[in-house]
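Hints given; two lone chains; assemble the complex.
Sequence lines, in order, name chains D and W. For the first sequence, position 172 (counting from the first letter as 1) is numbered 172 according to our numbering, and the numbering increases by one without interruption. For the second sequence, position 180 (counting from the first letter as 1) is numbered 1180 according to our numbering, and the numbering increases by one without interruption.
Simulated from the structure, these hints should not be mistaken for laboratory data. Keep in mind that this is a model prediction, so the values were computed, not measured. Errors might be hidden in some of the hints.
Rough simulated footprint, nothing fancy, chain D against chain W, three-plus residues with beta-carbon under 8 Å [claimed, not checked]: (1) 1027-1040; (2) 1154-1167; (3) 1193-1203; (4) 1236-1250.
All C-beta atoms in this analysis are idealised placements derived from N, C-alpha and C, irrespective of residue type, glycine included.
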Amino acid sequence: MLGWLDDRLGTASWARTGLRKIFPDHWSFLLGELALFCLVILVATGVYLTLFYVPDSREVVYAGPWRPLQGQDVSAAFNSVMRLSFEVRGGLVMRQVHHWAALVFLAAITVHVMRIFFTGAFRKPREINWLVGIGLLTMALAMGITGYSLPDDLISGTGLRIIYSVVISIPFIGPYLAFLVFGGEFPTTEIVSRLFVFHIMLLPALLIGGVLTHLTILWVQKHTQFRGPGKTEENVVGKPFWPSQVFKSTGLMILTAAVLALMGGLIQINPVWSYGPFDATTVSAPAQPDWYVGWLEGSLRIFPPAEFTLLGVTVPSTFIPGILIPGALFTTLALWPFLEEWITGRHTEQSLLDPPREHPVRTGLGVAGILVFVVFTIEGGNDVVALVLGIPVETVTNILRVAIFVVPIAGYFITHWICLELQGRHGPLVPRGPGMQLRRNAQGGFDEVEEP
Amino acid sequence: MTAARWLTFFLLVSTGASLALVAIYLLNGGPQLEGIFLALALGGFGAALIIWVGWLINAPTESEPRHSLASSPEARERFMETLDPELISRRRFLVRVAAGAATALGLALVLPAFSLGPLPGQDLFKTAWRRGLRVVDTEGKPIRPEDLPLDSVRTVFPQGFVGRPDSQTLLIKVRPTDLRLENGRDNWAPGGAIGYSKVCTHAGCPVGLYRAQQHQLLCPCHQSTFDVLTGATVVFGPASRPLPQLPMEVDSDGYLVALGDFPEPVGPGFWDMTHEQPSEGA
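So that you can see chain W by itself, here it is in the shape it has in the complex (with noise of 0.2 Å):
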């Protein structure tokens, strides 16, 4: 076939699946059919577009001149002439005045930025755990540590808080005994059920998958692996830090509460974390 016959082919291929087109959306023929005659109708007409310019045009391959865009030395000046920076630099005093009304007229201009966000205050220092506050599941039931089976884990709540990002908690139910806890932080994990926070310390992703064998939590967004027996310390991965343990007791009906806040900063670092914070009051 000549080149005229192929471009007439590719046309008509596209026109016919234009209305093909037509008639696949009226009868809703779904995004398979779609996606195909569109390519079709498109891929027709660009075909055809370059058997036209590279068969039927064949332009000949031309020169232009090229020049370099620099002006002249006189050119220059001139400029700098007309522009006559002594105009401003002879009036040094006033020029400096205006580049400081500027500046404060710029920072008054800026300030409703600051209406996009609140101050981080203790927001980032706080969860919603305080002293008292039953651990419950995300069904709102409060939790028993002789209810859980041994090895088990499962995403737990402050009362009142539950799916509160910053306060979700795993707890995991190992042996007392396999427990190697530094300073009485045994004594938080009644029963052998144990608490850490589940916002990562890395990157702050839930840590959501534990290896109860090896008693590790991994995150599953950067593989930081914690140790759960020896307080969530980092066995591997880019986390520096253990997950907060929560200190928690059994209250007289046998239930899991909080002794309090995770003694640390959940989740991922920041600049002045390891700064003391007022009291609760505050």
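In isolation and in its complexed conformation, chain D is listed as follows (with noise of 0.2 Å):
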């Protein structure tokens, strides 16, 4: 068998070569790892519901066995994942383990952008490699909006009521742009089928296409790797791909799969037989989305009305905070290791890791980020929070419209602070731990040993 291989693909040297190849140890490169797995299990879910799901907004009488709803006018396509729900054996696990995948893949992939953030993993020769993470980042956030809105259920389809709103207050283009993706004013026949589509086929090939590309990169450039003993910026080290790292991602991709069935199992997610099927008259509250859109749903929010008209332009009160916000904190996102090299004037070469102590400005900015998106993700669910508290809403939204500014800001340098500190308590970060050995000399005296 390998000799047969071989004899064609030459397999025995190229491919010795890549068992060979070493993994730097730290449990926070499995998170990359860990969004991965996920997209494993998307994928291997979603082929499944594939091939029970109706992408076809028709009406049809609801005739299964959820009581509440029997007689009612539904959608072919809420009719299906019905039917996947209750009457498919072994659908409703398949269903809930998939939009469980999806929110763990997205949490994975958010945490894996703050691991490579605070440490500085972007830094050259890595910036193409960030530019395809933050694209990957928004096509799995695209995935998500698509997927969300294909039960064609009432909070989903009021959240696509928003993002067609969102898309027309586009200035000059917004209207036609609206019509051309939904197929006219909304609601149209023709979106459920079209994001089908682009969730099961157009978005996955590009999500497949580009993470392949971000491993290849990755393998091509090697990992970078945290200071310690004998590591330097000429050498990675760690544990061999066979069998330690194999192994290990093997293991951790089953394991991530067992957390997923049990929570699929026993943990309900996206109950749309009680939310019911869409109708463009009738909404609910408080409805919440998935938590990687809570901020966008809280920037609409928090954002005071100021709609205006200049030159016979109106610009609508959606547009800035549905479009631009966003838009502003992705492409700076994007843009920062550019950024970076551009205000510190580095451009070498880096791959060993910082300690985030060690950058205050950056580890200030990352925390302010991460608290604009807390703040914005409260207030997207500032009904609840008013209903917890026993506060009006209109309390908890102007608390936040101060909030949105103050905690970042205050959020900076209290980091900046931190990260002075423990850089004076510790001075500048030392490599430790077992890799010195001290050996007694000829003459008696001691000489450090240094491990490889």
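The following block contains the structure:
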């Protein structure tokens, strides 16, 4: 077998190099892998769901076992999700695992981006892979939003309604663009089948292609590593791909699947049967989107009524919080490696990672960015916050309108101060750990011997 | 127990759970059991692999060299020689013509995308409301102002267009003397029955909540709040424009009828919404 392949592909030599590739060991390096494993689980469960889902918004009468909806007009899409949930054996577990995996997928990507950011792993020569990564994050968000909308239930339909309104708010092109994407004025019969094509074909192709690019660049450029004994800019210290990394990664992937299976079996997620089918004249409250969309919702909720007309061009009140603010945040994030290179003037290759405390400005800005996300997300659930705290929703929004400026700025300065304090207490991080040996020499003294 | 025993134990757990899963599937055991045993089957296997690599293989830490990926200046030069940009740059005119042809081709190939949707035209400016159309409820029944209880709210449509999203309207009954509407619009609310577009002027959600005591309409999506008594002016939240008011009168049978379409475009804003629109016939 090996000989047969080697005769044709020369496997033995190049595959051996691959097997011996060194993977540095640190728990935070598994975050990206976690995202990858979620993607594998998403594809596997997603293919299964596709075999049952009907991308059609034509009305049918619900006649399944869920009594509250019996006899109601629902779309064929909603009907197929109901059938999958209640009548297909194993269908509900697959659906719920898929949804939980999507939530964990985006969480893993987000924390992975934070790891890369705070340790400076995006610096030369890895700027391209940072851009690929931000592209992947964007596509993962698009996957989440399109997938969330497919069941054609009341909450996801309202979400689509808001997206449509944000699209038509774009000056000059908005109405044309929205009519092209949705096939006319909202609600349209085309949108469900279009979202389906995006969710199961176009976006997955881009996403999987992007992941392969991401991993290939990583493979070629080799991993970064934290500072430590024997670790330099000129080497990679760790365990080989085979057997260590293969066993560890496969084990982690299966364990990820196990946790998601448990969640999918026991924790209810997106119970569309209790939301009911989409109806353009009905809305439910309080309705919350998936966690990764909450900040966009919060941006819309927190923004003051600031619609204005300039030279006959109306700038609707959703344009700035719905398009400009997220666009500016994502653009800054994407361009950060280049901004930092430009500001610090450092153009050397860096493969040793920074302890975050040694870069108080970068770390502070990162914390400020996270806090912007957090305040927006809280505002995205302002009605729930008001309900829990028993105060008017207006008060929550007014407090958060101040907090959106104060909290990130305070977060920056506090983080900056903590970084400096940590530096002062520990000094610059020195290599420590078990890597040093003392050996008695012939003269009776001690020599330090460095382990490889 | 030794690592090898633990490993065997976890693999046996996994095997047992997998077999149990088969039984659960055949007996239709429900999502909870499916999830638990799937987790055990996977978890046992995953744990076994982690034990295997952590305790039985224990590969030594190794080091491999890392080199800069950058090529030498000579290699870059050789690359440029092979690429030979002069091939293209000395034919400047032909390159421009080719670029023009490629642009034209690109434009032609993009055109089919425009079949995806109609032009907006009048769609965003108009609803189904017309002069003389009766105001009906979701069952299609016409409404007399005096049949509405005070402080009640219901969703109404133009007769013949029940359920049409852009025409959904909230009909609220208030005391006529409480209304403070601008320039004669109180004539549009016969007997204190006042109609506002139900499509929020912020992001288009149905404005579904009514606080009867404060006479406020609240959009549950982003909490835009509108004062019913003053023409649905914005009291709070991100909406910038009032909900358009439906001009209504009472016909000879005492039923509510529309005097025409909403005076402004309904729903979320768009860039040319203040532009003058061609008249009805267009």
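Comparing the hints with the structure gives:
Under the rule that three or more residues need a Cβ within less than 8 Å of chain D, the assignment of the region 1027-1040 of chain W holds, with 10 such residues. Closer than 8 Å: that is the beta-carbon criterion, and the region 1154-1167 of chain W has 4 residues meeting it against chain D, so the requirement of 3 holds. Check on the region 1193-1203 of chain W: 3 of its residues sit with their Cβ under 8 Å from a Cβ of chain D, so the three-residue criterion for coverage holds. Counting residues of the region 1236-1250 of chain W whose beta-carbon sits less than 8 Å from any beta-carbon of chain D gives 6, enough to reach three: the coverage restraint holds.
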